[in-house]
Amino acid sequence: MWTLPPGDTVLHLLSWVALAAQSMTAALAAGRRSMDWVGVCMLGAITALGGGTVRDVLLGHYPLAWVERPSYLAVTVIAAFATILIARLVDRLTTAFLVLDAVGLVVFSIAGCEVAWQINVSPPIVIVAGMITGCAGGVLRDILCNDVPLLFRAELYASVAVATGLVYAIGFVLKLDGDLWTFMTFAVGLSFRLLALRYRWNMPKFVYVGSERS
Amino acid sequence: MWTLPPGDTVLHLLSWVALAAQSMTAALAAGRRSMDWVGVCMLGAITALGGGTVRDVLLGHYPLAWVERPSYLAVTVIAAFATILIARLVDRLTTAFLVLDAVGLVVFSIAGCEVAWQINVSPPIVIVAGMITGCAGGVLRDILCNDVPLLFRAELYASVAVATGLVYAIGFVLKLDGDLWTFMTFAVGLSFRLLALRYRWNMPKFVYVGSERS
Amino acid sequence: MWTLPPGDTVLHLLSWVALAAQSMTAALAAGRRSMDWVGVCMLGAITALGGGTVRDVLLGHYPLAWVERPSYLAVTVIAAFATILIARLVDRLTTAFLVLDAVGLVVFSIAGCEVAWQINVSPPIVIVAGMITGCAGGVLRDILCNDVPLLFRAELYASVAVATGLVYAIGFVLKLDGDLWTFMTFAVGLSFRLLALRYRWNMPKFVYVGSERS
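Residue numbers (our numbering), protein chains in the order written: chain P, 1 to 214; chain R, 1001 to 1214; chain E, 2001 to 2214.
Source of the hints: derived by calculation from the structure; they are not laboratory data.
The beta carbon of each residue, even a glycine, is placed where N, CA and C say it ideally should be.
Some hints here could point you the wrong way.
[To be verified] Partial list, derived from the structure: chain E residues whose beta carbon lies under 10 Å from chain R:
#, residue
1, 2014
2, 2017
3, 2031
4, 2032
5, 2057
[Unchecked claim] Derived Cβ-Cβ restraints for the label pairs, each shown as a range:
#, chain 1, residue 1, chain 2, residue 2, range
6, E, 2093, R, 1093, 43 to 53 Å
7, E, 2202, R, 1099, 50 to 60 Å
8, P, 209, E, 2202, 40 to 50 Å
9, E, 2195, R, 1175, 52 to 62 Å
10, R, 1093, P, 86, 27 to 37 Å
11, E, 2093, P, 198, 37 to 47 Å
12, P, 96, E, 2174, 43 to 53 Å
13, R, 1069, P, 178, 43 to 53 Å
14, E, 2089, P, 93, 21 to 31 Å
15, E, 2095, R, 1178, 35 to 45 Å
[Said to hold, decoys possible] On the chain P side, residues computed to face chain E include the following (Cβ under 10 Å):
#, residue
16, 32
17, 34
18, 53
19, 61
20, 88
Please model the complete structure; the sequences and the hints are all you need to start from.
So this is what it looks like as structure tokens:
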């Protein structure tokens, strides 16, 4: 009889792939700004690990994942460095990396919800923790690249993280079966993100041309 | 006979108003940069809650206020979102919002001092904690909007926070009556800020045109 | 007979000098952006104390050094303020300040390794903690000045911190004599940095001109 593999194992494997993918796209962004090799590796590591780090610092959840397991840090640094060598290839695989980035967004959001759930915060904060885990790395990347964070300007990115967290929290409040629900959450989140990319769904913008004050 | 209401209750009510006001002015700043709706809400929440969050992270004071009471987070998100609908109105009420922002600066500074005092740090750090609480949210807003923080460039803003903290710390060292002194501190801080706005008081600038090195 | 003075005492004295020097060069950067006096002092303090602060927040190592000993904060604020008065002099002493900055980089890196070692993290994280302590202050300065961090773009700065941490970690793993090895580490790190400055050693850059995507 076929059974689902344990959800945590699958998520764990996917999160390794997602860490590498996020580090590699950040490394390309670093290359567009002519950073040196050390800067490329740092930007990769900060982008890939930044979301979980911000979440843990805000929740006071120590030690941080990469402090406890430096292998997380190693994989992001290696992925960023490898990107220097195979930049053309990474760039040609745009679509693949967009999918991997979407996987990362959803996996990190779920992982963030799980950490928050384990330390017994209220459901709204579980969702916020998921959103921070999925999104904060990209915000740090954009700040370090001296851009207004892309997250604030375009695409359903944060919304996907919030939707993922919402689905997760529903299962958690209703005490549904863990593994199955995790798969459901993953499927919903990933589909939402991929559809948003495919059909260029966008959040409406708030464009305000008022008196210049701040 | 008339008695003062408990200082903490008044401060608490004022802080709700100030949270909403700071979130709304941040939302206008987001609109000037054409952020999308999610970005507007995030920028509002980060601006309004950022000061207390930075203080608590630096002092290791967990759980954060908005983690413990998600209603804080809710009020800032709702205020930011409402701003999208009533932007013209908010902008026309510039003066009212400047006053509310001043109230927020002083109330947050006092709240920051109180938190620091409760965990028994030294008086200079009590003042610094007040300043961080009052000012750091605006610094985060400016970083996310890709500006040099306004705080570093103009107006008596940080100075008001420092003065507020100084008055607070004097009462604390002299063991003066809590509620009465809190009102005094609030009155001094608010007057200072409003006078600074009215008469355009400015800190002197340090303008240096030297060899370009960093 | 001549004996080495205790390494910690020497490092401690050097770190005071380095704190002041880093605050002063940050103050000059503030002056180039016409910040006001309060902004100058803040930028100085954040630059000089930021590295240790980021490290402690990431490691959950409380209380922060400057919270426990506000004199650290005082020295950076005073140094920044003094720079306003003697800017021309500071600028003319460029070489001296580059050396002091190099001393600071190495001393802070060693101090960061020591803190990490005391809380029993693994050797790779000891090195990372040293690097963060040496470099993060400058990154914060550049973010607040609205620049892409210099660290990511040029010079062997982070590399010196990593090399210093590596030498430190070797001694730590081999259980070599503390004081003597600390001096060795300091000598290696400082020489590396000064040679890099003198001969304009640079990390190779990753320049990527691809399709604009992020």
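Next on the checklist: Quick check: does the Cβ-Cβ distance between residue 2202(E) and residue 1099(R) fall within 50 to 60 Å?
Outcome noted: holds (53 Å)
Next on the checklist: The hint says 27 to 37 Å between residue 1093(R) and residue 86(P); measuring C-beta to C-beta, is that right?
Outcome noted: violated (55 Å)
Checklist entry - Against chain R, is residue 2031(E) within 10 Å by beta-carbon distance? => result holds (3 Å)
Next on the checklist: Less than 10 Å between beta-carbons is the criterion; does residue 61(P) satisfy it with respect to chain E?
Outcome noted: holds (9 Å)
Checklist entry - Do the Cβ positions of residue 2093(E) and residue 1093(R) conform to the proposed distance bound of 43 to 53 Å? => result holds (51 Å)
Checklist entry - Quick one: are residue 96(P) and residue 2174(E) within 43 to 53 Å, going by C-beta? => result holds (45 Å)
Item to check | Pairwise beta carbon distance, residue 2195(E) to residue 1175(R), judged against the given window 52 to 62 Å | outcome: holds (58 Å)
Item to check | Per-residue hint verdict: residue 88(P), partner chain E, C-beta under 10 Å | outcome: holds (8 Å)
Next on the checklist: Just to be sure I understand the hint, the distance between the Cβ atoms of residue 2093(E) and residue 198(P) should be within 37 to 47 Å; is that true here?
Outcome noted: violated (59 Å)
Next on the checklist: Please check whether residue 1069(R) and residue 178(P) have a Cβ separation lying inside 43 to 53 Å.
Outcome noted: violated (28 Å)
Item to check | Per-residue hint verdict: residue 2057(E), partner chain R, C-beta under 10 Å | outcome: For residue 2057(E), the interface hint holds, since the closest Cβ of chain R sits about 6 Å away, which is under 10 Å.
Next on the checklist: Given the hint of 21 to 31 Å, is the C-beta distance from residue 2089(E) to residue 93(P) inside that range or not?
Outcome noted: violated (55 Å)
Of the numbered hints stated above, those contradicted by the structure are hints 1, 2, 10, 11, 13, 14, 15, listed in ascending order.
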